[in-house]
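Asker: Protein chains in written order, with the working numbering: chain A, -1 to 106; chain B, -1 to 106.
No wet-lab data here; the hints were simulated from the structure. Fair warning: there could be bad hints in the mix.
Said to hold, decoys possible - If you only want the chain A side, here are some residues facing chain B, beta carbon under 10 Å, derived:
(1) Asp14
(2) Arg24
(3) Met25
Claimed, not checked - Stretches of chain B that chain A covers, calculated by requiring three or more beta carbons in the stretch to come under 8 Å of a beta carbon on chain A:
(4) 2 to 16
(5) 20 to 34
(6) 90 to 96
C-beta atoms are modelled at their ideal positions from N, C-alpha and C, and glycine is treated no differently.
Protein chains: 2
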Amino acid sequence: MADLYHPETRAIQLVDVLGALGHPVRMEIIRALADGEERFCGEILPAEPKSSLTHHWRALREAGVIHQRRAGRKFYITLRRADLDTRFPGLLDLTFAEPTGFDKPDSK
Amino acid sequence: MADLYHPETRAIQLVDVLGALGHPVRMEIIRALADGEERFCGEILPAEPKSSLTHHWRALREAGVIHQRRAGRKFYITLRRADLDTRFPGLLDLTFAEPTGFDKPDSK
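Pulled out of the complex, with its shape left as it was, chain A reads as follows:
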């Protein structure tokens, strides 16, 4: 089984990170991981369909936002907070300070 691709810290690109974060479900995912703890993928947004989450894990992982560890048929997920803070200081702080796309005002 192929290893999961994770970009090196220096290869993480802002445009990829912004594209990965710029989706309401992925915003919810990174909020669930904000404390830096590793979590079993099934614990994160359990109400979201598994096929949708599989797509989002990959988008976040390939952009360098999360680390995904395989253990048998399970995945464990961590936010790459230190790597992102190194590459783009302030971006995660700014992101966590904002309400998510799920809280859009009706005015929009």
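Based on these hints, arrange chain B on the given structure of chain A.
Answerer: The following block gives chain B in isolation, referenced to the frame of chain A:
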């Protein structure tokens, strides 16, 4: 002809802005507008196909990133820098400090 939709400043959502910025062509567009001057849409990335740019103007406008002014059959574009700096302080500074997706290292 319908007015172009522009979200009010307070209705601009981070998830939408990140999704709008998280694309290499749109990163190039906002860099071309970074000085805050209004530009004729045909001046910005003249090598990019018009149909592609039309899609990107809309994505950026609906997210609250640019203002698009119609003058006859032409459009004039401005970065909503003050609005974005008010809503998400530091985001544009951080974005302009980074190389674009067009400069990805071969290592990725």
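Asker: Each hint: holds or not?
Answerer: Hints, one by one, checked against the model:
The beta carbon of Asp14(A) is positioned within 10 Å of a beta carbon in chain B (closest approach about 7 Å), and the interface hint is therefore held. With its C-beta approaching chain B no nearer than about 9 Å, Arg24(A) sits inside the 10 Å limit, and its interface hint holds. Against a cut-off of 10 Å between C-beta atoms, the interface hint on Met25(A) holds, since the closest Cβ of chain B lies about 5 Å away. Given as covered by chain A, the stretch 2 to 16 of chain B passes the check, having 10 residues with a CB less than 8 Å from a CB of that chain where 3 are the minimum.
Counting residues of the stretch 20 to 34 of chain B whose beta carbon lies closer than 8 Å to any beta carbon of chain A gives 4, which meets the minimum of three for the stated coverage. Against chain A, the stretch 90 to 96 of chain B contributes 3 residues with a C-beta closer than 8 Å to a partner C-beta. That satisfies the three-residue criterion, and the hint holds.
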